[in-house]
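Trainee: Sequence:
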Amino acid sequence: MHDSPTPNLSRKPRFGVGYEEPNNRTELFGDGTPATSKPMRDAHSSETVTLLGSGKIKANPGAGDVRTVELNGKWMEFWNDRVEAEMDKAKVVLYEKRIFGLAKQTAAGLLKIGCKKEMTTIANVVRMAIIYKESGIPKGLSEARSKEMEKSSRVLDAIMCYDMVKVANLLEIPPEVPKTFGNDSSKR
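Residue numbering for the sequence shown follows the working numbering, starting at 165 and increasing by one per position.
There could be a bad hint or two in this list.
Pairwise CB distance ranges (calculated) [to be verified]: (1) 303 with 228: 40 to 50 Å; (2) 229 with 285: 50 to 60 Å; (3) 233 with 276: 49 to 59 Å.
For the record, the hints were derived by calculation from the structure and aren't laboratory data.
Note that the structure is predicted; figures quoted are calculated from it, not measured.
Glycine is no exception: its CB is placed at the ideal position from the N, C-alpha and C atoms.
Between the sequences and the hints, there should be enough to build the whole structure, so can you do that?
Mentor: Here is the structure:
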């Protein structure tokens, strides 16, 4: 027999090019967690989290499955709170934009039928109607003020249906009467 050209190599079977035996220090699960059972520290908390693999890794998880699991993680609490605070700020801005958008559209619609009403006045009516629809009539209001809130609710319903004649009647806005010259029967 002849000598092997590489006597220093071990006689372990090779299963393919680039095959390496599993190494617990470098192996990762599908979600990026290490394959060790040692506890890891979370970046945003002092709590120790133990990450153990279940052994079952979905090759192609459904849309949103990974995100749903990640959102419940301790490391996401800080960022979820930040997003929630930004959303609360945005809701207030969108609320006001919606009110003024409806008021502007209503003022333009009233102008088309010959009635003039200030946009900010309509915005106040719409704001009052939204408050009334969301929480009802607050306790301790006078009867006149509660009737005004109910009326503003009917105005908002008419605005949402784009019934400008009904809006003009509810807001008691008379249409402009064109000036006439000559034979005016009302003077006789």
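Trainee: Given a hint of 40 to 50 Å, does the C-beta separation of residue 303 and residue 228 actually sit inside it?
Mentor: Holds - the Cβ-Cβ distance for residue 303 and residue 228, about 44 Å, lies within 40 to 50 Å.
Trainee: Verify the CB-CB distance for residue 233 and residue 276 against the hinted window 49 to 59 Å.
Mentor: Holds - the Cβ-Cβ distance for residue 233 and residue 276, about 54 Å, lies within 49 to 59 Å.
Trainee: Is 50 to 60 Å right for how far apart the beta carbons of residue 229 and residue 285 are?
Mentor: holds, 51 Å
Comparing the model with each numbered hint stated earlier shows that all of them hold.
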